[in-house]
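K.L.:
Spelled out, the chains give:
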Amino acid sequence: DIQMTQSPSSLSASVGDRVTITCRASQSISSYLNWYQQKPGKAPKLLIYAASSLQSGVPSRFSGSGSGTDFTLTIISVQPEDFATFYCQQIYSTRYTFGQGTKLEIK
Amino acid sequence: EVQLVESGGGLVQPGGSLRLSCAASGFTFRNSEMNWVRQAPGKGLEWVAYISSSGGTTNFADSVKGRFTISRDNAKDSLFLQMNSLRAEDTAVYYCARGGWERWGQGTLVTVSA
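Just so you know, the sequences run in chain order A and B.
Under this note's numbering, the first residue of the first sequence carries the number 1, and numbering increases by one thereafter.
Under this note's numbering, the first residue of the second sequence carries the number 1001, and numbering increases by one thereafter.
Since the hints were made in silico from the structure, they are not lab data.
Since we're looking at a predicted model, the values are computed, not measured.
Glycine is no exception: its CB is placed at the ideal position from the N, C-alpha and C atoms.
Incorrect hints may appear among the rest.
In silico DSS-like pairs for lysine-lysine, Cα to Cα no more than 30 angstroms straight-line [said to hold, decoys possible]:
#1 Lys103/A x Lys1043/B
#2 Lys1065/B x Lys1043/B
#3 Lys39/A x Lys1043/B
Coverage of chain B stretches by chain A, computed from C-beta distances (three or more under 8 angstroms per stretch; other residues unrestricted) [claimed, not checked]:
#4 1039–1050
#5 1067–1076
Please take these sequences and the hints and turn them into a complete structure.
P.N.:
Below you can see the structure in the form of structure tokens.
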């Protein structure tokens, strides 16, 4: 199976900060990568698909980049409602795998 | 509105069985691939099973292969997960998700405990 490794596992940020989360695949997955945001007690919400395409309704402060094995999720100005856990997911193989998650906390 | 609603979770003893259901509405279910994903308490997301739109192709995580079965009834817009030989480590919230991953249900909690 393709392994997905996120970093960092957690980070603290202040409102207005720029935040970057990275995700590395154990083999090339082209651009077959999704990013999700999950808040406590809620289902994951798709933010970014195909590595860099913004899902409908998602604020433009979220962006994704990368291809092959290395990917990033960037929030250019973190807002109070953005504090949550973020996951990457490869959809290159139908044995889908997720990263372990990155918890974004308020500093 | 696209909606996925899971049901069937609950408390079950180790070695027992449970059948989860996911009722779909607001889209053409018979054309959609579907998945089950789970999340153990305080842990990350784990993909569990995949089924093609026709039901002819399925795939399972190694952790559940041979114990879980995924199926669907396209006439009733429903997805199922039959879980047998349940273990404590299967305790989780189980989500159904549409193939494009843009829609998820609210989840149903399965607790495996004596």
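K.L.:
Hint by hint, note whether the structure agrees.
P.N.:
So, going through the hints one by one against the coordinates:
For the proposed pair Lys103/A and Lys1043/B, the alpha carbon gap of about 11 angstroms is at most 30 angstroms, so the pair holds. For the hint pairing Lys1065/B with Lys1043/B, the CA-to-CA distance comes to about 21 angstroms; that is within 30 angstroms, so the pair holds. The hinted pair formed by Lys39/A and Lys1043/B meets the criterion: a straight-line CA distance of about 13 angstroms does not exceed 30 angstroms. Under a criterion of three residues with beta carbons nearer than 8 angstroms to beta carbons of chain A, the stated coverage of the stretch 1039–1050 of chain B is upheld, 5 such residues being counted.
Here the stretch 1067–1076 of chain B counts 0 residues with a CB under 8 angstroms from a CB of chain A, which misses the bar of 3, and the coverage is violated.
Hint 5 from the earlier list is the only one contradicted by this structure; the remaining hints agree with it.
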